[in-house]
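Enquirer: Note that our numbering has the sequence shown beginning at 1, numbered continuously upward.
Worth flagging that the hints you see were computed from the coordinates, not collected in a lab. Bear in mind the structure is a predicted one, so any value in this text is a computation, not a measurement. Positions of the beta carbon are idealized from the N, C-alpha and C atoms, including for glycine. Don't take every hint at face value.
Stated by the list, open to error - The list that follows gives simulated cross-link-like pairs (lysine-lysine, PhoX-like), each with its CA atoms no further than 20 Å apart:
| id | residue 1 | residue 2 |
| --- | --- | --- |
| 1 | Lys429 | Lys492 |
| 2 | Lys121 | Lys96 |
| 3 | Lys211 | Lys928 |
| 4 | Lys429 | Lys485 |
| 5 | Lys847 | Lys858 |
| 6 | Lys360 | Lys421 |
| 7 | Lys275 | Lys178 |
| 8 | Lys137 | Lys847 |
| 9 | Lys137 | Lys123 |
| 10 | Lys137 | Lys13 |
| 11 | Lys858 | Lys868 |
| 12 | Lys102 | Lys60 |
| 13 | Lys12 | Lys847 |
| 14 | Lys720 | Lys910 |
| 15 | Lys825 | Lys811 |
| 16 | Lys812 | Lys825 |
| 17 | Lys720 | Lys705 |
| 18 | Lys273 | Lys178 |
| 19 | Lys414 | Lys221 |
| 20 | Lys211 | Lys223 |
| 21 | Lys858 | Lys492 |
| 22 | Lys650 | Lys625 |
| 23 | Lys262 | Lys625 |
| 24 | Lys162 | Lys123 |
| 25 | Lys910 | Lys900 |
| 26 | Lys421 | Lys444 |
| 27 | Lys349 | Lys360 |
| 28 | Lys404 | Lys218 |
| 29 | Lys485 | Lys307 |
| 30 | Lys537 | Lys825 |
| 31 | Lys573 | Lys974 |
| 32 | Lys271 | Lys180 |
| 33 | Lys102 | Lys137 |
| 34 | Lys162 | Lys13 |
| 35 | Lys404 | Lys221 |
| 36 | Lys343 | Lys307 |
What the hints assert, rightly or not - Using C-beta positions, here's what the derived DEER-type ranges look like:
| id | residue 1 | residue 2 | range |
| --- | --- | --- | --- |
| 37 | Ser920 | Ser623 | 32 to 40 Å |
| 38 | Asp685 | Leu84 | 25 to 33 Å |
| 39 | Asn174 | His614 | 21 to 29 Å |
| 40 | Glu39 | Pro694 | 35 to 43 Å |
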Amino acid sequence: MPLIQILSYSQKKEFDTPPVLDNDIRNEVFALPDLLQRELENFESDANRTFFIALYGYFKLTRIFYEPGAIMPEDIAYIQSRYLFESCTLNPPHIKTRIRYKRLIRDHFGYQSPDGTLQQKLKDAANKLITQLPTPKALFYALVELAVGYRYEVPSYTFLSKIITDAMNHRRNNIFGKLKSYSAHTALQPLELLIQTDETLPGRYVLSRFKKFSHSLKPSKIKEEVRTFETVRNIHTSISNIIRDISLEENTARHYAQWVEKSDMHQILRKAKHKWQFDLICFVVHQTRIRSDQLCDILVQSVQSAKISALREHQNVYFLQRQSRSKASAEIADLVKNSLIPKLHSIQKTIASNIDTEEKIRLIGEQVEAMIADEEEKKPYLDAHEELEDYTGYHTILEIRSRKLQNRVSDIIKALEFDEKESDKSLMKAIAHFRTTGANITNKLPMEFLREEERNSLLQSSTDEPFRISLYKMFLFIAIADGIKSGSLNLKHSYRYRAFNDYLINMEEYHQFKADYLKQHQMESLHTHENILKDLKGELDGIYRSVNSNIIKGINSFFHTRGDGSYMVHTPKLEKKDEDEGIGIYLPKEKFIPLIDVLRQIDRLSIYSAKFLHHTRTLHHRSPKSNALYASIIGYGCNISIPKMAKISKGISAHDIDHIRTWYLSPDMLQEANDAVLAFTESLDVPMLFRSNPHKNHTASDGQKFNLSVDSLNSGHSFKYFGLGRGSTRYTFSDESGRLFYTTVINASEREAAYVIDGLMHQEVIQSDIHSTDTFGYSEIIFALTHLLGFMFAPRIKNFKDQQLYAFEPKKLYRDNGYALLPVKQINTQIIEEQWEQIVRLVLTIKERRVSASQLLKRLTSYSRKHKLYQALREFGRIIKTRFLLTYIDDVSLRQQIEKQLNKVENANKFSRAVFFGNSGEYFYATKEEQDIASNALRLIQNSIICWNYLYFSNLLAKEKDPEQQSKIVNALKNGSIVHWQHINFYGEYDFTEKQIEDEFDMEAIKALSA
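All chains, please: the whole structure from these sequences, using the hints.
Expert: Here's what the structure looks like:
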């Protein structure tokens, strides 16, 4: 049985590579104790001594012995300089010598070499932890920490992979053993339905009905999807006890379900019965979750569309009635000014007069009657004004639209399984009543979830009905949709709509492994909050002092105060030297480079095609055919579509391309392929020319809106970009050298901020030190998380001067110091301290990649703003935001660098439009997975072209012998952009050679039509 892939290529490379050290850490880890220094004297050469000290320092830090070729050149140079060794190339000693060195180091620290005893201990632990930890990767690092805890050196990747593979096989065999005992159980009989022939579609099986999902919001399509979901849900209910008994994990279910989706029935049924039953159980579990999510999406989008339509109609009516409203307002004003007020004054004088009481009553009565008469005369205007101004006009429109919405969402609400323990009680009561009665019994309708004005509207009926039941249903549907989005309603079986705590590392695991996880991710400083808050307080006070000092002394000449007390900060544009020429003049002009040639050349050098593994991964499958792989990448990345690509390509078959699409293409594998190209590009020297600071990498991300030519639930409204239509956003990350290291497709109505962390966490190849976004990518929560995860967040915030500044001390302290920039509010450190453990738990969940950061943030930020963790993160983020804003005001070079980097990612967006030319740039694909496949294939093409450009200029510089000309090329690169594509041929070639053309048209038959 082959070993299961535990870590990706880049993750394994990181595991096998020593950490990057700064000089402070080198001073500590490469300091040999006296006993080992005396041992050095017996070594035969300085090269061996250098090698030994490097092994010692790395082992002290990581408990790992790295391969000789992995030792960092910077560390070799440091050791040789510190110990006054001869500078020389480090050739590894003989294998026996290396074994002796390792034994000396292990003995010094009291560690052992991995042996059979450790292997058995880790096997036992793996068999136990495999059901507790969510991924093989998490299990891998847990075993690493256990080995260190047992005082063993960290075993090799292969050693641990074999243990995990055996544990997974053992786990699977246990599951299969249990399923064998259930084989004839009646609970599994519903699975037989899936493998039956579909009577409505001869030659197909019932299972195929469940492999596709409609994204349409048409009522008939929705009802069909609800029926399909109910079938899956009922099967899931019947086998729920078996699912619990075999302890089926989420990732396992997803993996095998996706295999079923890709497979034909003969591939499923050729397995033993208990094995195909397991596959179908996984399929049912996965389908129940994903269909629950998609029905929620339909419900939310249907309600949103109804609300937007009603609001638009209400605004149109309000606009059309402006003349009537103006007339009514004028008549009412006339009534008050010329009738009611004068008569009230007259009554006041009558009361103050000396006439007898009876006369007073008579005169006042006359005035009151006159006022009533005047009011009656103006009554039509009063009534019209009340109808025009009252919010109930909007409610009336909602009521009219209620029936259409009921037709779409009623069945969904009745079908979904909500988690009652984790959901709002008042809403659950209303949902239960709706399911049993259809909300048609008015005397017991639950009203607790309604606002006061909504309750009042329900009783203000203009019809003979005493209660507006259709409006009540509309309010209920809106409340349910809002509850799903806000987290006050959660599902039992879901990937995206479970309770927030379900996504975090569970508390038992957190308390057990917290210290290990913090150490593994080099985040020990987060163990407690005291030092972090103390350091931030000192840092923030210092920044307030220095920034204000520079303003007061006039050092910051770009800061200007205004008469109203506000201020402005000018940022001059970066000037280009007149002699600088763009790099375009050096690119090929005599010919266009075919895109297929670019892909082939870059694959030959970076071997990115090796990253495309068969979906099963554990089986021996041949590597994908290269030409079919390139065709699939172009089909997706240029938006030509796979079927069309198969028809217009020569030398490959449609079957080959479809096989690649089905079994080899996935967002994860395309990410790995992109990483391979990025890593190769990193090995070149020219990309470093684009760094403003050679020791820091400034990255940026930006969204780009796209239309879709199909219905998709991963789309949203954006009137600015799509009018009344819907679209998606492709969110892309780029670094200073133009390399694109992450992309994802999101709903156009979502804020981009939730996805910033996702991109930054994909740092296997590109390490981000500073990251910039525009305003859409910014939030105080993102400031908090980027800091805790080790990134500097530097967004370009629109109207940043209107942002509030915060401080640890009261505002008075800063005012008394004569500061120009003052905090508005004081940081609430108490809530940060109270929620610190939950903050660390959230950060470790992201670091462990148990779930995407965007999923966590969407659930967290949609919760009530009273959520304690949300408040604590926001408060912590205000500290980091204030620190950034003060630095931003003070540092003109930072402002210029942010602007420059955002311009680069915007240029990358233009590049993507040029490559993604098919179908007018509109996505063909409804599912997020296929949209992400297309976007990552597009990114692979872009990165390949960028890499080709780097190779071209590297070759140009290598062949250029004139130093002056070399300098010109280097300056052009430094002041230009590597993102050029005008020399690439995306569209193929036209064949104008003479050849016999067969007549495709029967002209005799065509002429006969007019006869």
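Enquirer: Determine for every hint whether it applies to the structure shown.
Expert: So, going through the hints one by one against the coordinates:
1. Lys429 to Lys492: With Cα atoms ~17 Å apart, Lys429 and Lys492 stay inside 20 Å; holds.
2. Lys121 to Lys96: Roughly 28 Å between the alpha carbons, so the hint for Lys121 and Lys96 is violated.
3. Lys211 to Lys928: Holds: Lys211 and Lys928 sit about 15 Å apart, inside 20 Å.
4. Lys429 to Lys485: Roughly 18 Å between the alpha carbons, so the hint for Lys429 and Lys485 holds.
5. Lys847 to Lys858: holds, 17 Å
6. Lys360 to Lys421: Violated - the C-alpha atoms of Lys421 and Lys360 are around 69 Å apart, more than 20 Å.
7. Lys275 to Lys178: holds, 11 Å
8. Lys137 to Lys847: Roughly 12 Å separates the two Cα atoms, so the pair holds.
9. Lys137 to Lys123: Distance ~15 Å between Lys137 and Lys123 Cα, so the pair holds.
10. Lys137 to Lys13: holds, 14 Å
11. Lys858 to Lys868: Answer holds: Lys858 to Lys868 is near 16 Å, not above 20 Å.
12. Lys102 to Lys60: Roughly 12 Å separates the two Cα atoms, so the pair holds.
13. Lys12 to Lys847: holds, 16 Å
14. Lys720 to Lys910: Distance ~19 Å between Lys720 and Lys910 Cα, so the pair holds.
15. Lys825 to Lys811: holds, 7 Å
16. Lys812 to Lys825: Holds: Lys812 and Lys825 sit about 11 Å apart, inside 20 Å.
17. Lys720 to Lys705: holds, 10 Å
18. Lys273 to Lys178: holds, 13 Å
19. Lys414 to Lys221: Given that 20 Å is the threshold and the Cα spacing comes to 17 Å, the pair holds.
20. Lys211 to Lys223: Holds - the C-alpha atoms of Lys223 and Lys211 are around 17 Å apart, at most 20 Å.
21. Lys858 to Lys492: holds, 18 Å
22. Lys650 to Lys625: holds, 14 Å
23. Lys262 to Lys625: holds, 19 Å
24. Lys162 to Lys123: holds, 10 Å
25. Lys910 to Lys900: holds, 16 Å
26. Lys421 to Lys444: Since the Cα atoms of Lys421 and Lys444 sit roughly 23 Å apart, the hinted pair is violated (cutoff 20 Å).
27. Lys349 to Lys360: holds, 10 Å
28. Lys404 to Lys218: holds, 10 Å
29. Lys485 to Lys307: Satisfied, since the Cα-Cα distance of roughly 15 Å is no more than 20 Å.
30. Lys537 to Lys825: With a Cα-Cα distance of about 14 Å, the restraint between Lys537 and Lys825 holds, given a limit of 20 Å.
31. Lys573 to Lys974: Roughly 16 Å separates the two Cα atoms, so the pair holds.
32. Lys271 to Lys180: holds, 13 Å
33. Lys102 to Lys137: violated, 27 Å
34. Lys162 to Lys13: holds, 18 Å
35. Lys404 to Lys221: Roughly 14 Å between the alpha carbons, so the hint for Lys404 and Lys221 holds.
36. Lys343 to Lys307: violated, 46 Å
37. Ser920 to Ser623: 32 to 40 Å: Given a distance of about 35 Å, which is inside 32 to 40 Å, the answer is holds.
38. Asp685 to Leu84: 25 to 33 Å: Given about 31 Å between the Cβ atoms, the range holds.
39. Asn174 to His614: 21 to 29 Å: 25 Å Cβ-Cβ, so the 21 to 29 Å window holds.
40. Glu39 to Pro694: 35 to 43 Å: holds, 38 Å
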